[in-house]
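Chemist: Taking the hints into account, I'd like the entire structure generated from these sequences.
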Amino acid sequence: MSKENKFIWTMAFLIIGVSIGAGILGLPLELGLSGFIPALISLIIVWCLMLAVGWTYLYKFMNSKNEITDYAQLYQQELGSWAKTINSIAYLFTFYCLMIAFISGASSTVVGIIPGLEKIPYIDKFIDILFFIIVTSIIVYGMDFMRKFNSFLMILLFLFFFGLIFFIIPKFNVSYLGYIKWSRFPLNMPILITAFGYHIVLPIIYKHSKENNIHSKGIIKILFLGTFIVLILNILWIFVILGILPVISSGNVSILSSFLKGEPVTVPISKLIESKWIILIALFFSLIAITTSYIGVGAGVMNYIKDLTATILKKRNRFTDSILTFLVPIVITLTYPHLFIEMLNIVGGIGIITSFGILPGIMSIKKNNPLYIRYLGWFILVFSILIFSIESYNILNKIH
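In my numbering, the protein residues as written are 41 to 440.
Just to be clear, a hint being listed does not mean it is correct.
Stated by the list, open to error - With a straight-line cut-off of 20 Å between C-alpha atoms, the simulated EDC-like cross-links for lysine to aspartate or glutamate are:
id: 1; residue 1: Lys-100; residue 2: Asp-347
id: 2; residue 1: Lys-407; residue 2: Glu-118
id: 3; residue 1: Lys-46; residue 2: Glu-251
id: 4; residue 1: Lys-247; residue 2: Asp-184
id: 5; residue 1: Lys-105; residue 2: Glu-251
id: 6; residue 1: Lys-301; residue 2: Glu-158
id: 7; residue 1: Lys-124; residue 2: Asp-347
It is worth saying that the hints were derived from the structure and are not from the lab.
Modeler: This is the structure in structure tokens:
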């Protein structure tokens with residue numbers, strides 16, 4: 041494999057890791073309540089939407105008169121201070137919440153899968169802290185090490201992914217796929233936005249691609265390759281999981297039961313198939329999935345904060361960047377545990393869709409853009425406002 045192709049694959053792995061990670065653990069539970077066919081349709085729609093957003097960003101990065109290194113600079117240049125401010129608020133809210141979801145997801149997975157562990161006092165907090173220290177250290181160490189380590193994790197993730205499917209496929213019941221509830225179809229969108237919310241790593245990918253002399257076609261290849269593999273893996277995963285887990289069951293193993301508990305999907309799988317191998321594979325798959333997501337998001341937030349505070353903090357360094365990036369998520373996680381599924385929904389329908397849906401839509405419909413970019417902009421804007429409205433309605437219903 042040539043050096044360029046190797047680089048393209050490692051960058052595509054970064055997109056896959058941040059997308060396929062923790063999102064895949066929550067998707068079957070949320071989408072399963074609507075059934076396989078509605079889930080499949082919503083997967084394809086959201087993939088098209090988020091791919092369009094990614095392309096419009098890359099177009100702006102590659103055709104900007106000034107060197108753009110992050111979204112704050114891009115929105116300042118394209119729409120002004122108001123857009124930069126809204127994006128910064130939505131961006132930090134979104135990805136702080138995602139890091140909280142990932143940290144709490146690690147402890148929920150370990151405690152939910154390993155029998156008897158929940159009886160140990162403060163075990164969830166201990167796991168949260170241990171996960172946080174280990175994985176945060178990888179991010180802080182540097183981009184080159186993080187990129188290589190993430191690629192290694194992605195290989196393991198694929199092995200455990202297909203290993204898990206191999207062991208659970210004998211439980212497949214095709215009749216489960218016949219369940220359909222179209223009224224829940226719109227509710228699939230917010231968590232799917234999270235599952236395809238790879239845009240946080242686009243500035244990093246663009247920056248390092250330019251440093252490694254990767255041409256524009258190579259960068260576009262990274263985008264399409266990464267997101268298309270995410271789509272295929274998500275379809276395969278949803279197909280298998282919805283074929284082995286009933287939506288409603290008289291026992292304690294069902295999609296609805298685990299959804300209400302806010303568990304990652306690997307927890308009901310380990311209960312359904314009582315095997316030490318399944319427990320082990322499910323545990324490692326979950327932790328690797330959460331880790332790859334946390335690495336991508338953590339690196340993206342740290343890069344964003346570095347650029348955002350460059351003119352504010354005269355003596356900023358890697359230590360101050362790390363504190364600003366990681367202190368809030370760990371403190372909130374330890375204070376309010378078990379926020380995995382809830383956070384994935386909120387950040388998708390509110391935070392990500394604002395930063396990586398509504399704002400890029402507005403930016404793309406400007407008259408100084410080519411006609412096809414403006415068409416993409418209208419597609420992005422209309423669907424993003426629709427998804428934002430759905431999740432806002434959801435949140436208001438829960439409050440009442």
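Chemist: Keeping to a limit of 20 Å between CA atoms, is the pair of Lys-301 and Glu-158 held or broken?
Modeler: 14 Å, holds
Chemist: Given the hint that Lys-100 pairs with Asp-347, does the C-alpha gap stay at or below 20 Å?
Modeler: Measuring from Cα to Cα gives roughly 18 Å; hence the hint holds.
Chemist: For the pair supplied as a hint, Lys-407 and Glu-118, confirm whether the alpha-carbon distance does not exceed 20 Å.
Modeler: Roughly 12 Å separates the two Cα atoms, so the pair holds.
Chemist: Run the distance test for Lys-247 versus Asp-184: straight-line Cα separation, threshold 20 Å.
Modeler: Answer holds: Lys-247 to Asp-184 is near 13 Å, not above 20 Å.
Chemist: Does Asp-347 lie within 20 Å of Lys-124 when you go C-alpha to C-alpha?
Modeler: 12 Å, holds
Chemist: Given the hint that Lys-105 pairs with Glu-251, does the C-alpha gap stay at or below 20 Å?
Modeler: Distance ~18 Å between Lys-105 and Glu-251 Cα, so the pair holds.
Chemist: For Lys-46 and Glu-251, compute the direct alpha-carbon distance and say whether it is at most 20 Å.
Modeler: 15 Å, holds
Checked against the numbered hints listed earlier, the structure breaks none of them; every hint is satisfied.
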